Structure formats: C-alpha cells, structure tokens
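J.: Take a look at the letters that make up each chain.
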Amino acid sequence: DTEVTQTPKHLVMGMTNKKSLKCEQHMGHRAMYWYKQKAKKPPELMFVYSYEKLSINESVPSRFSPECPNSSLLNLHLHALQPEDSALYLCASSQAWAASSYEQYFGPGTRLTVT
Amino acid sequence: AQSVTQLGSHVSVSEGALVLLRCNYSSSVPPYLFWYVQYPNQGLQLLLKYTSAATLVKGINGFEAEFKKSETSFHLTKPSAHMSDAAEYFCAVSPNAGGTSYGKLTFGQGTILTVHP
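Same order as they appear, the protein sequences are chains A and B. Its first residue numbered 1, the first sequence is counted upward by one per residue in this note's numbering. Its first residue numbered 1001, the second sequence is counted upward by one per residue in this note's numbering.
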C-alpha cells in the first residue's frame, strides 16, 4: 500500500475561522511533509517532520501550525488565514528524511479557498 | 545550491508520437533525480527516479529517462503518446551530499503535456 490520504478534499473558510487539514500514511514512513502549491506552480515545501519531530520550517507564517500526533498522522492547523493562502495543500511521506534518495509519496491534496 | 530547469512550459504531441520532456540540473555533485506527474486537481505521482544505479531508468506507464552527466540532463521520454498521458510533469532533484538542501526536493517549473488525436 503506497497511499497517502488527505482530508478534506475541499475546504472553504473565512479569514476568522480555525480549521485543520489531516494526512495519514500506513507505509511505515518516518518522514512527513507539507507542501503548498499555487496554480501553475510547482509545490513549495512548508514543513518536514522526521520521527515525529519538526525538522524543517521553511519560514512559514504562524497562522499555519503543523502537528504530528504519531508516526502515521500529520495535521496542519489553520487560523486567521489570508485570501492569498488559497492553494492546493499537499502532504507527502518518505521512508526517511535525511536520505535524499528516498522518493516522496504524495497525497491527493486539499483544495483550500479562503474567503 | 542545486537547481533544475525544465525547458518548455508546454509541449504538444499527437497521439502515438514520441514524448520528450527536457530537464537539466545544476549541481556540483550529481544529485538524485525524480520525475513526477500531476493530473488536474490531484497530487503528484512518482514516474521514476535516478539514484546512480543505472543511467537509463524505466518507470511506470511506459516512461523512461536517461541520466547524462556530461550534459547535466535527465530527459523524460515515451515512445508513443497516449491521450491519458496529458498532464503536468515535474522534474525534481535532491542532493546526495550534505548541506542545507539535504533531504529537500527542488522542483522544476513543470511542463504541461497536451496530447491531441
């Protein structure tokens, strides 16, 4: 099973709302990632978790708060977002983070619209 | 610092024709290289990867890519295009040595492949 699942598929939220994106994998991977992808652009790395610890934060605004409750789950908590945060949010996982040869497996993404 | 360039933001081919999507990397040490495909409103799917085991890499859906160190290239090919190949394709690199980019994927800007009957 090489599947990464993400919920919800679509999310519309106002600028004062609090919502969460969820990601799950059951491949035994120890690295998990959040990416943001704007239309017609490649994915941009936001966060990397390795062995359930935050390893990389690519200077992401604090209105995005990641959480890794266990080795299979990754959440992204959203609060006070701006319209420019509207994008496709992709979760990915890989066997390990520090080994660059390991491929990343991506989920289908959550299409977020901030109104 | 490493980078990757995909030549041609749009490529159009006829069904049954050869598909060639170009990718060049810039790195002092040959990196690990990946090709991903993204269908509309979906995530990225790995087509193939190069990790120095063999220069000609075969992937899924009939795609293959050849690593050429002298040309710093990793072009993606498919002998005969199918309508279902229409999608966006991303080349990505990851360094195989230490540094601040270690473990990170750097993506090219993407190439949209159109297949017409």
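FYI, nobody ran anything at the bench for these hints, they're computed from the structure. Keep in mind that the hints are not guaranteed to be accurate.
[Stated by the list, open to error] Examples of chain B residues toward chain A, derived with CB under 10 Å: (1) SER1009; (2) SER1012; (3) LYS1049; (4) THR1055; (5) PHE1090; (6) PHE1107; (7) ILE1112; (8) THR1114; (9) PRO1117.
[Stated by the list, open to error] Below 25 Å or equal to it, Euclidean Cα-Cα: the simulated DSS-like pairs (lysine-lysine) are: (10) LYS22/A with LYS9/A; (11) LYS1069/B with LYS40/A; (12) LYS1049/B with LYS40/A; (13) LYS41/A with LYS9/A; (14) LYS1069/B with LYS22/A; (15) LYS1049/B with LYS41/A; (16) LYS19/A with LYS36/A; (17) LYS38/A with LYS1104/B; (18) LYS36/A with LYS1069/B; (19) LYS1104/B with LYS53/A; (20) LYS1069/B with LYS1104/B.
[Said to hold, decoys possible] DEER-style ranges, computed between Cβ atoms: (21) ALA80/A with GLY1016/B: 47 to 55 Å; (22) GLY1016/B with SER20/A: 44 to 52 Å; (23) LEU1018/B with HIS26/A: 36 to 44 Å; (24) VAL1029/B with PRO83/A: 14 to 22 Å; (25) LEU73/A with GLY1016/B: 40 to 48 Å; (26) LYS1069/B with GLY14/A: 46 to 54 Å; (27) THR1055/B with SER62/A: 40 to 48 Å; (28) GLU67/A with GLU1066/B: 39 to 47 Å; (29) GLY1062/B with LYS41/A: 25 to 33 Å; (30) LEU1018/B with LYS41/A: 38 to 46 Å; (31) ALA39/A with ALA1054/B: 21 to 29 Å; (32) PRO1117/B with ILE56/A: 23 to 31 Å; (33) GLU1015/B with ILE56/A: 41 to 49 Å; (34) LYS9/A with SER1070/B: 43 to 51 Å.
From a predicted model like this one, the values you see are computed outputs, not experimental measurements. Glycine included, every Cβ here is placed at the ideal spot set by N, Cα and C.
J.: All the hints need checking, so say for each whether the structure fits it.
T.: These are the hints, each one checked on the structure:
no., hint, result
1, SER1009, "holds, 9 Å"
2, SER1012, "violated, 17 Å"
3, LYS1049, "holds, 5 Å"
4, THR1055, "violated, 15 Å"
5, PHE1090, "holds, 6 Å"
6, PHE1107, "holds, 4 Å"
7, ILE1112, "holds, 9 Å"
8, THR1114, "violated, 14 Å"
9, PRO1117, "violated, 25 Å"
10, LYS22/A with LYS9/A, "holds, 10 Å"
11, LYS1069/B with LYS40/A, "violated, 29 Å"
12, LYS1049/B with LYS40/A, "holds, 23 Å"
13, LYS41/A with LYS9/A, "holds, 19 Å"
14, LYS1069/B with LYS22/A, "violated, 40 Å"
15, LYS1049/B with LYS41/A, "holds, 21 Å"
16, LYS19/A with LYS36/A, "holds, 16 Å"
17, LYS38/A with LYS1104/B, "holds, 19 Å"
18, LYS36/A with LYS1069/B, "violated, 31 Å"
19, LYS1104/B with LYS53/A, "holds, 16 Å"
20, LYS1069/B with LYS1104/B, "holds, 21 Å"
21, ALA80/A with GLY1016/B: 47 to 55 Å, "holds, 52 Å"
22, GLY1016/B with SER20/A: 44 to 52 Å, "holds, 46 Å"
23, LEU1018/B with HIS26/A: 36 to 44 Å, "holds, 39 Å"
24, VAL1029/B with PRO83/A: 14 to 22 Å, "violated, 41 Å"
25, LEU73/A with GLY1016/B: 40 to 48 Å, "holds, 45 Å"
26, LYS1069/B with GLY14/A: 46 to 54 Å, "holds, 52 Å"
27, THR1055/B with SER62/A: 40 to 48 Å, "holds, 45 Å"
28, GLU67/A with GLU1066/B: 39 to 47 Å, "holds, 42 Å"
29, GLY1062/B with LYS41/A: 25 to 33 Å, "holds, 27 Å"
30, LEU1018/B with LYS41/A: 38 to 46 Å, "violated, 28 Å"
31, ALA39/A with ALA1054/B: 21 to 29 Å, "violated, 36 Å"
32, PRO1117/B with ILE56/A: 23 to 31 Å, "violated, 45 Å"
33, GLU1015/B with ILE56/A: 41 to 49 Å, "holds, 42 Å"
34, LYS9/A with SER1070/B: 43 to 51 Å, "holds, 45 Å"
In summary, the numbered hints that this structure violates are 2, 4, 8, 9, 11, 14, 18, 24, 30, 31 and 32.
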